[in-house]
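Chemist: So the sequence lines, in the order shown, correspond to chains A and B. Here the first sequence stands for residues 8 to 341, numbered as in the numbering used here. Here the second sequence stands for residues 8 to 341, numbered as in the numbering used here.
If you're looking for bench data, these hints aren't it; they were derived computationally from the structure. Hints are supplied without guarantee of correctness; some may be wrong.
Said to hold, decoys possible - Only pairs whose alpha carbons sit at most 20 Å apart, straight line, appear in this in silico SDA-like list of lysine to any residue:
1) A/K65 with B/M8
2) B/K335 with A/V288
3) B/K65 with B/A95
4) A/K142 with A/N158
5) B/K64 with A/T10
6) A/K180 with A/I331
7) B/K335 with A/I286
8) A/K65 with B/R67
9) B/K65 with A/I117
10) B/K261 with A/V288
Unchecked claim - Over the 10 Å line for every Cβ pair with chain B, so calculated as not near, a few chain A residues:
11) S16
12) A21
13) I23
14) A95
15) S133
16) N135
17) L139
18) L222
19) C244
20) L314
Even for Gly, the Cβ is constructed at its ideal location relative to N, Cα and C.
Protein chains: 2
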Amino acid sequence: MPTIRDVASLAGVAPITASRVINHSGYVSDDLRQRVFEAADQLGYVPNTLARSLRSKKSRTLALVLTDITNPFWTTVARGVEDTASDAGFSVFFCNTDELESKQARYLEILAQKRVDGVLLVPTTSDNQPVLYLKQQNIDVVILDRRIPGNNVDIIRCDSEEAAYQLIVRLRKLGHRRIFLLSGPVGVSSADDRVSGYLRGLQDPDQDILPVNILRGEFTLESGYQMTCTALSQNPCPTALFASNNFIAIGALKALQDADVPVPEEMSVVAFDDLPGAIVVDPFLTVAVQPAYEMGRLATLRLIERLSGLHEDQFEEIVLPVQITDRKSTRSIG
Amino acid sequence: MPTIRDVASLAGVAPITASRVINHSGYVSDDLRQRVFEAADQLGYVPNTLARSLRSKKSRTLALVLTDITNPFWTTVARGVEDTASDAGFSVFFCNTDELESKQARYLEILAQKRVDGVLLVPTTSDNQPVLYLKQQNIDVVILDRRIPGNNVDIIRCDSEEAAYQLIVRLRKLGHRRIFLLSGPVGVSSADDRVSGYLRGLQDPDQDILPVNILRGEFTLESGYQMTCTALSQNPCPTALFASNNFIAIGALKALQDADVPVPEEMSVVAFDDLPGAIVVDPFLTVAVQPAYEMGRLATLRLIERLSGLHEDQFEEIVLPVQITDRKSTRSIG
DNA sequence: CTGTTAGCGCGTTCAT
DNA sequence: ATGAACGCGCTAACAG
Numbered sequence: 008m009p010t011i012r013d014v015a016s017l018a019g020v021a022p023i024t025a026s027r028v029i030n031h032s033g034y035v036s037d038d039l040r041q042r043v044f045e046a047a048d049q050l051g052y053v054p055n056t057l058a059r060s061l062r063s064k065k066s067r068t069l070a071l072v073l074t075d076i077t078n079p080f081w082t083t084v085a086r087g088v089e090d091t092a093s094d095a096g097f098s099v100f101f102c103n104t105d106e107l108e109s110k111q112a113r114y115l116e117i118l119a120q121k122r123v124d125g126v127l128l129v130p131t132t133s134d135n136q137p138v139l140y141l142k143q144q145n146i147d148v149v150i151l152d153r154r155i156p157g158n159n160v161d162i163i164r165c166d167s168e169e170a171a172y173q174l175i176v177r178l179r180k181l182g183h184r185r186i187f188l189l190s191g192p193v194g195v196s197s198a199d200d201r202v203s204g205y206l207r208g209l210q211d212p213d214q215d216i217l218p219v220n221i222l223r224g225e226f227t228l229e230s231g232y233q234m235t236c237t238a239l240s241q242n243p244c245p246t247a248l249f250a251s252n253n254f255i256a257i258g259a260l261k262a263l264q265d266a267d268v269p270v271p272e273e274m275s276v277v278a279f280d281d282l283p284g285a286i287v288v289d290p291f292l293t294v295a296v297q298p299a300y301e302m303g304r305l306a307t308l309r310l311i312e313r314l315s316g317l318h319e320d321q322f323e324e325i326v327l328p329v330q331i332t333d334r335k336s337t338r339s340i341g
Numbered sequence: 008m009p010t011i012r013d014v015a016s017l018a019g020v021a022p023i024t025a026s027r028v029i030n031h032s033g034y035v036s037d038d039l040r041q042r043v044f045e046a047a048d049q050l051g052y053v054p055n056t057l058a059r060s061l062r063s064k065k066s067r068t069l070a071l072v073l074t075d076i077t078n079p080f081w082t083t084v085a086r087g088v089e090d091t092a093s094d095a096g097f098s099v100f101f102c103n104t105d106e107l108e109s110k111q112a113r114y115l116e117i118l119a120q121k122r123v124d125g126v127l128l129v130p131t132t133s134d135n136q137p138v139l140y141l142k143q144q145n146i147d148v149v150i151l152d153r154r155i156p157g158n159n160v161d162i163i164r165c166d167s168e169e170a171a172y173q174l175i176v177r178l179r180k181l182g183h184r185r186i187f188l189l190s191g192p193v194g195v196s197s198a199d200d201r202v203s204g205y206l207r208g209l210q211d212p213d214q215d216i217l218p219v220n221i222l223r224g225e226f227t228l229e230s231g232y233q234m235t236c237t238a239l240s241q242n243p244c245p246t247a248l249f250a251s252n253n254f255i256a257i258g259a260l261k262a263l264q265d266a267d268v269p270v271p272e273e274m275s276v277v278a279f280d281d282l283p284g285a286i287v288v289d290p291f292l293t294v295a296v297q298p299a300y301e302m303g304r305l306a307t308l309r310l311i312e313r314l315s316g317l318h319e320d321q322f323e324e325i326v327l328p329v330q331i332t333d334r335k336s337t338r339s340i341g
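Required output: the full structure, derived from the provided sequences and hints.
Modeler: Here it is as structure tokens:
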């Protein structure tokens, strides 16, 4: 492993001169520049960014800490992050928390030790503590997808409340009055916001107030399945289901299939999160589509800007619109 | 940012003693150990792994270089890698090559500069050069999913040839004689192996020899769509399609749908790669299922073992079995 | 069991 | 325009 010293001595210059050539910093005569490049080439010199980072206190490394990369929504966000980071010369660590605070804490500690420049965080809890920790470690943060208290951090998320409201409006227009919400975990803001939007939809002052039926679970297939079984056992039975993420939606559809309840004939279903076009033949669910790739891209851009010294103490909460895509999983009722 | 020096002086010991305590290396008396821990706690000491790596020449960092994390097959592999690496105390960089050699080369260079300990590589071309490059940089490698020439590297892959053969056997038993293969790119071993298995299936010496119909494309939805259109325009028209990966399969199904060709009534379809149970309600395609998570896990385990000095110059090609899952996309004819 | 010395590879600082 | 000296934070090698 040749070092910059080796390159320098082969080129007959001081190490710092070689450094200047390789980093395109400072003035070096064309003659020396040429000789340094040739020496580097000849030796197959590969700069050691570990040493560089130790000196410069910048690692050009980011981390994406999310719940589960296996969820196509997060996969798409991740792709947006990686593309954007890579274009700007940053590498990205990926960390799956599985919605577990213990895992999140462990990862943040490791990332601090690795001296990453910035973290894109999907927080497991609605808590400012992780942000404080990272800041104290001199690591910049952008929060993705979820609100947290405090005004000390950038947040990029979607308008879950409004989108949920719109979904309910859709169902009401079709005549539905018994709409069950299959929700995500309490304390996760995206889940809570969808509850709020659902409630606003039911209690619209211009219309009748409809009965509230909220089931609380996890953002998983199993939970979606369970909640749907519970919903089906109620009397009176719902005519429509609102699944608050993609995994819950799949679980719900499986449960309905197992219970021989045809969709949309006997049950309308709407959901949050689309499945990527590349993995579904005949898109069927009426969904609220979050711009996943764009979220990842914007968050990364913002983070990198912040690393470059922009924004300083100016923190923004960027709320992206959600698009409702009507498909074939709902129908109007008597 | 307190350093180990700060910890040491607060504890009243030499830096190396503090180092020994923090790294659980060497002997330190309980008394001093206690004092060092207390000092570290009090200062909120966070070890700088950059410095540590510079000294020790080990970064406890791996990289997964694959084609596209957006493909659920690769997402699952990635999850297997991350879980396994994380358990062993390694962090993972993710890199998407999009099957482009130029991107792969750029990533490998960056990873060399970052001094990762090891790389899990899904090579874009059937070429030993990337392996040689990494070895020369003193970076260990495990090849995932694809064969490459040379016996100088561990390979973890599935038996694509046999699985493709089995798929064709299935179709032949159902009476199909005009089976078109919608293949992946030439030179990608997993694609080539599926071609070989297809050919063996058609030319089984115990049976009639069937006509060979191979379309070559990319592992993408668009390509699958195109190839299917081409297949449908042939005379005589195929009775069965073999899609050689999941994206091609989805593209094929879309094309068939657009052409009003019902599956399986007028066209049987089999494919490589399953879609995760969590994102599909009613599994429909008869597929060859590769153990994606296990592939990621095994490859990572092997890589970490190698880093620990095991195996030395012993290289293995581990070929995992593929499971055929019969579902509803085929039917017997005439 | 503990400490001293030295140096990993690089770039900032200051000098020439 | 080029270079010398130094130190980033840590641990290997060697002493005692």
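Chemist: It remains to establish, for every hint, whether it holds in the given structure.
Modeler: Here is how each hint holds up against the structure:
1. A/K65 with B/M8: 14 Å, holds
2. B/K335 with A/V288: 15 Å, holds
3. B/K65 with B/A95: 14 Å, holds
4. A/K142 with A/N158: The given pair, whose Cα atoms are some 13 Å apart, holds under the 20 Å limit.
5. B/K64 with A/T10: 14 Å, holds
6. A/K180 with A/I331: Holds, at roughly 15 Å.
7. B/K335 with A/I286: With Cα atoms ~18 Å apart, B/K335 and A/I286 stay inside 20 Å; holds.
8. A/K65 with B/R67: 19 Å, holds
9. B/K65 with A/I117: Since the Cα atoms of B/K65 and A/I117 sit roughly 15 Å apart, the hinted pair holds (cutoff 20 Å).
10. B/K261 with A/V288: 6 Å, holds
11. S16: The claim holds: A/S16 sits with its nearest Cβ about 21 Å from chain B, beyond 10 Å.
12. A21: Holds, since 21 Å exceeds 10 Å.
13. I23: 19 Å, holds
14. A95: The claim stands: A/A95 keeps its Cβ more than 10 Å from every Cβ of chain B (closest is about 12 Å).
15. S133: 24 Å, holds
16. N135: 18 Å, holds
17. L139: Nearest chain B Cβ is 12 Å from A/L139, so the label holds.
18. L222: 19 Å, holds
19. C244: 20 Å, holds
20. L314: 17 Å, holds
Against the hints set out earlier in the document, no violation occurs for any number.
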